[in-house]
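If you read the protein sequences in the order shown, they are chains A and B.
Following the numbering used here, the numbering of the first sequence begins with 65 at its first residue and continues without gaps.
Following the numbering used here, the numbering of the second sequence begins with 65 at its first residue and continues without gaps.
What the hints contain is simulated information worked out from the structure, not anything from laboratory work.
Since the model is a prediction, treat every value here as computed from it, not as a measurement.
Where a beta carbon is used, it is the ideal one built from N, C-alpha and C, also for glycine.
Don't take every hint at face value.
As the list claims (entries may be wrong) - Computed footprint of chain A on chain B, listed as stretches where at least three residues anywhere in the stretch have a Cβ under 8 Å from a Cβ of chain A:
(1) 174-184
(2) 205-211
(3) 239-248
There are 2 protein chains.
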Amino acid sequence: MARWEPDARGRLLQAALDLFADQGYEATTAAEIAARAGLTRTTLFRHFADKREVLFQGQSTLVSTATAGVRSAPADASALEVLRCALRALADEHVPAQQEIGRRIDAIVATSPELQERAAAKRASIAAAVADALALRLGDPRPAGVLADLGVRAYYDGFAAWTGPRAGEPLAAVVLEELAALLAALSAALDPADA
Amino acid sequence: MARWEPDARGRLLQAALDLFADQGYEATTAAEIAARAGLTRTTLFRHFADKREVLFQGQSTLVSTATAGVRSAPADASALEVLRCALRALADEHVPAQQEIGRRIDAIVATSPELQERAAAKRASIAAAVADALALRLGDPRPAGVLADLGVRAYYDGFAAWTGPRAGEPLAAVVLEELAALLAALSAALDPADA
Chain A
65 MARWEPDARG RLLQAALDLF ADQGYEATTA AEIAARAGLT RTTLFRHFAD KREVLFQGQS
125 TLVSTATAGV RSAPADASAL EVLRCALRAL ADEHVPAQQE IGRRIDAIVA TSPELQERAA
185 AKRASIAAAV ADALALRLGD PRPAGVLADL GVRAYYDGFA AWTGPRAGEP LAAVVLEELA
245 ALLAALSAAL DPADA
Chain B
65 MARWEPDARG RLLQAALDLF ADQGYEATTA AEIAARAGLT RTTLFRHFAD KREVLFQGQS
125 TLVSTATAGV RSAPADASAL EVLRCALRAL ADEHVPAQQE IGRRIDAIVA TSPELQERAA
185 AKRASIAAAV ADALALRLGD PRPAGVLADL GVRAYYDGFA AWTGPRAGEP LAAVVLEELA
245 ALLAALSAAL DPADA
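Could you put together the complete structure from these sequences and hints?
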């Protein structure tokens with residue numbers, strides 16, 4: 065990033081969140097976002113394909129973090145422990161300042177079918193990254209896909225709790241607890257006699 | 065649908081598949097698709113918001129079918145049996161003629177990030193429909209979400225097998241077998257001693 069644009073991406077995100085909240089996503093232009101951030105339109109388009117991508121700037125980092133998290137697991141780790149490594153890595157990408165940003169992004173996404181679609185693609189890309197890395201590790205795409213779905217659900221549901229009622233706890237703990245709760249719920253649903 | 069436009073949606077799909085394959089998704093206009101289908105541009109836009117939606121016309125039916133499938137399960141059905149009812153209902157929406165259409169849609173989606181994103185949103189909408197209906201049924205969103213992920217993965221992976229090497233089998237059988245395989249793979253991954 066050029067020296068005269070410190071944290072251009074973060075400034076563009078804050079500007080976009082302000083403008084989308086004030087005047088709506090549809091009505092806001094990339095030029096307005098750039099101006100609000102004290103940057104040029106050209107700078108915005110150097111970082112992002114369009115105004116929508118300003119909101120989803122975390123995706124590529126999360127995808128590579130998920131992959132790296134799976135690879136970081138010890139050689140003798142169980143499949144579940146490998147998944148936990150990926151979730152810990154994803155959770156460690158976030159600092160509490162992102163709770164407010166997460167809430168604001170969610171509120172804007174809720175206003176736009178286009179943004180909801182983009183959010184579904186983001187989630188799918190993280191799930192695919194976890195599934196692909198797990199499949200390499202386990203040598204079998206089936207358990208990899210199912211575990212990736214479980215992990216990504218735990219990550220998203222845990223993140224939602226962390227941006228809400230569980231804001232005071234470490235994100236990784238909330239996510240891993242959610243994973244355990246999902247596994248217990250599945251087990252009980254599949255074998256009601258044990259519930 | 066008006067009498068002078070029999071199967072306008074199906075004709076537009078075939079025209080779109082032909083044109084997207086011949087000249088690419090980006091290069092094809094809605095007007096060209098309509099003309100190829102022997103219809104007007106106005107007719108296309110009466111049915112679809114844009115050329116992209118022509119390819120995803122099955123989504124709303126699949127979403128309502130998934131919901132209806134869950135609701136159709138007997139009152140005393142287990143959670144897994146309820147999920148199987150939803151998958152049977154989804155599978156019953158398809159006839160073998162759709163194998164070729166499915167292959168052609170997949171080939172075009174693979175050429176375009178925009179279409180891949182839209183496809184992720186379609187899958188998420190079906191998963192959300194199953195999850196919401198199951199949550200009502202089970203009274204708990206956690207097992208509902210996990211089972212919905214499993215079911216939708218079985219549906220997609222089963223569908224892919226059915227448009228390929230398992231084209232001669234009933235789709236429902238392929239999907240339910242995939243669901244059983246996913247559950248077995250998960251069980252083995254979670255408890256390696258049993259594998």
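| Of the numbered hints stated previously, which ones are contradicted by the structure, given in increasing order? | As far as the earlier hints go, not one is violated by this structure.
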